[in-house]
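Given the structure of chain A, go ahead and fit chain B onto it with the hints provided.
Quick note, the sequences are listed as chains A and B, same order. Here the first sequence is numbered in our numbering, starting from 28 and rising by one per residue. Here the second sequence is numbered in our numbering, starting from 391 and rising by one per residue.
These aren't lab readings, by the way, just hints derived from the structure by calculation. Hints are supplied without guarantee of correctness; some may be wrong.
[What the hints assert, rightly or not] Every beta carbon over 12 Å from chain B, so not counted as near; a handful from chain A, in silico: (1) 30; (2) 68; (3) 71; (4) 86; (5) 88; (6) 191; (7) 218.
[Claimed, not checked] Lysine to any residue pairs mimicking SDA-like chemistry, simulated, CA-CA at most 20 Å apart: (8) 81/A with 248/A; (9) 542/B with 247/A; (10) 144/A with 184/A; (11) 140/A with 416/B; (12) 490/B with 156/A; (13) 142/A with 416/B; (14) 497/B with 519/B; (15) 30/A with 131/A; (16) 497/B with 281/A; (17) 503/B with 280/A.
The C-beta atom is built at its ideal place from N, Cα and C for all residues, glycine as well.
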Amino acid sequence: MTKTETEINEFTRFIAEYATCLLGSGVHTSRVLRNSSRIASSMGLTISMTTFQKSIILTVSDEAETHLLTRVIEIPGLPISFEFNSELSSLSWEAVDKHLSLEELRQRFDTIKAKPKMKSWLVVLLVGLANASFCRLFGGDFGAMLVVFISTMIGFFLRLQLQHRGINHFIVFTVSAFVASLCASSALLFDATAETAIATSVLYLIPGVPLINGVIDILEGHTLTGGSRLIQAFLLISCSAIGLSCSLFIFQNILP
Amino acid sequence: MVVNILVDGLLAAVAGIGFGAISHPPRRAFLYIAILAAIGHGLRFYLMETMHLDIATASFFASLAIGAFSMWFGRLSFCPITVLYIPALLPMVPGMYAYKSVLALIKFMHHQKEAVAAANYMQEMFSNVVVTVSTVFLLALGATLFIFFFPKRAYSMTRRAVDRP
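Excised from the complex, chain A in its bound form:
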């Protein structure tokens, strides 16, 4: 099957947006590659892709290789979204199973991207509850749970606000860890398990997604992307630790 140059051009534009959207929202490399080539093959095209942390190199060709198109595309820094991960993977199967045309694909892609996200106040509340129950799992008492609940909500709200303003990730993590643990240190004033409260208050900052994606990527042979994900995760964890240690430094003499 041969395709015209414009067709390949348009398809490349779509798949570039699709693949970078997946990579930007925290999907591990091999899934992005598989999803993209699945869509390509449903169109009778082949693609080859090289991924890095900040950009991808994408080559699209028809099966006869009469037309080739190569582009370098930047990966946007999107917030992590499991919704995109699931729905866009589903879309790639639909493309195969229902033989969708490019217009239909584009339309569904835009619908998925436009889906409303969970309200931020609800996320803040859920994260607060999560950290409070986490505190309980570590043996904190009810006073500590309450302190953790409030300080996590403050810290997470601050994180969302700072991220919204486009401030550097490392600064965001350090500041939110500091503020959350500082608030949690107020447990020292009450008769509560303060140590557990302070320890749990920063745990909402663990970058679980890049950590596990990094491990998956490395084990699947995408060592470079996996390595950079792990380095990123490690730096973010260090930043939270620095924020936490600022609070501990202030209170080190009263802490057990």
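What follows is chain B alone, placed relative to chain A:
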């Protein structure tokens, strides 16, 4: 004992839902994330309390269980298994050990000149770091192993059954 395990699982479920919400999962995934988190943490609690396993080994078995169940739940919810198991693993992160490492580091800096105290803090920091790192590594590995055992199945979760030709 049974009550303790159930309470433990319930708390982990709440934690899993909250940590999941940060990463914006599809709404239908929440139920499965909660169940997986409860299974994993409950199992680890059981292993550590009755069989006296250490936290790293117990976490490994718990994350194996999470991985196994996520293979099934992924089919039910049409979600990639990473979407289900990453939030479910987070309540098992050994936060207290991580905290103690940081605290010991700060105390080490403060007492650097006192040889005995410094050595104690250094040792405390090191052992806490080792426990934290190995537990997190085994958590990530255990759940991920299933992708390598059953790659075909793990990578076709999002294909809707009704649409199959």
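Straight-line Cα separation of residue 142/A and residue 416/B no greater than 20 Å? holds, 10 Å
Hinted pair, alpha-carbon criterion (20 Å max): residue 497/B, residue 281/A. Please report holds or violated. holds, 12 Å
Over 12 Å to the closest beta carbon of chain B is the bar; see if residue 30/A clears it. holds, 24 Å
Can we trust that residue 218/A is non-interface, i.e. its beta-carbon lies farther than 12 Å from all of chain B? holds, 20 Å
Tell me if the straight-line CA distance from residue 81/A to residue 248/A falls inside 20 Å. holds, 19 Å
Just double-check residue 191/A for me: nearest Cβ-Cβ distance to chain B has to come out over 12 Å. It holds; residue 191/A is separated from chain B by about 15 Å at its closest Cβ, greater than 12 Å.
With the threshold set at 20 Å, check whether the alpha-carbon distance from residue 497/B to residue 519/B stays at or below it. Measuring from Cα to Cα gives roughly 15 Å; hence the hint holds.
Interface-negative label, residue 88/A against chain B, beta-carbon threshold 12 Å: Residue 88/A is indeed farther than 12 Å from all Cβ atoms of chain B, at 24 Å.
Given the hinted pair residue 30/A and residue 131/A, is their Cα-Cα distance within 20 Å? It holds: about 18 Å lies between the C-alpha atoms, which stays within 20 Å.
Residue 503/B and residue 280/A were given as a pair; does the straight-line alpha-carbon distance stay at or below 20 Å? Roughly 17 Å between the alpha carbons, so the hint for residue 503/B and residue 280/A holds.
Residue 490/B paired with residue 156/A [C-alpha distance capped at 20 Å]: Judged against 20 Å, a Cα distance of about 23 Å means the pair is violated.
So is residue 86/A really clear of chain B, every C-beta pair being over 12 Å apart? holds, 23 Å
Against the hints set out earlier in the document, a violation occurs for number 12 only.
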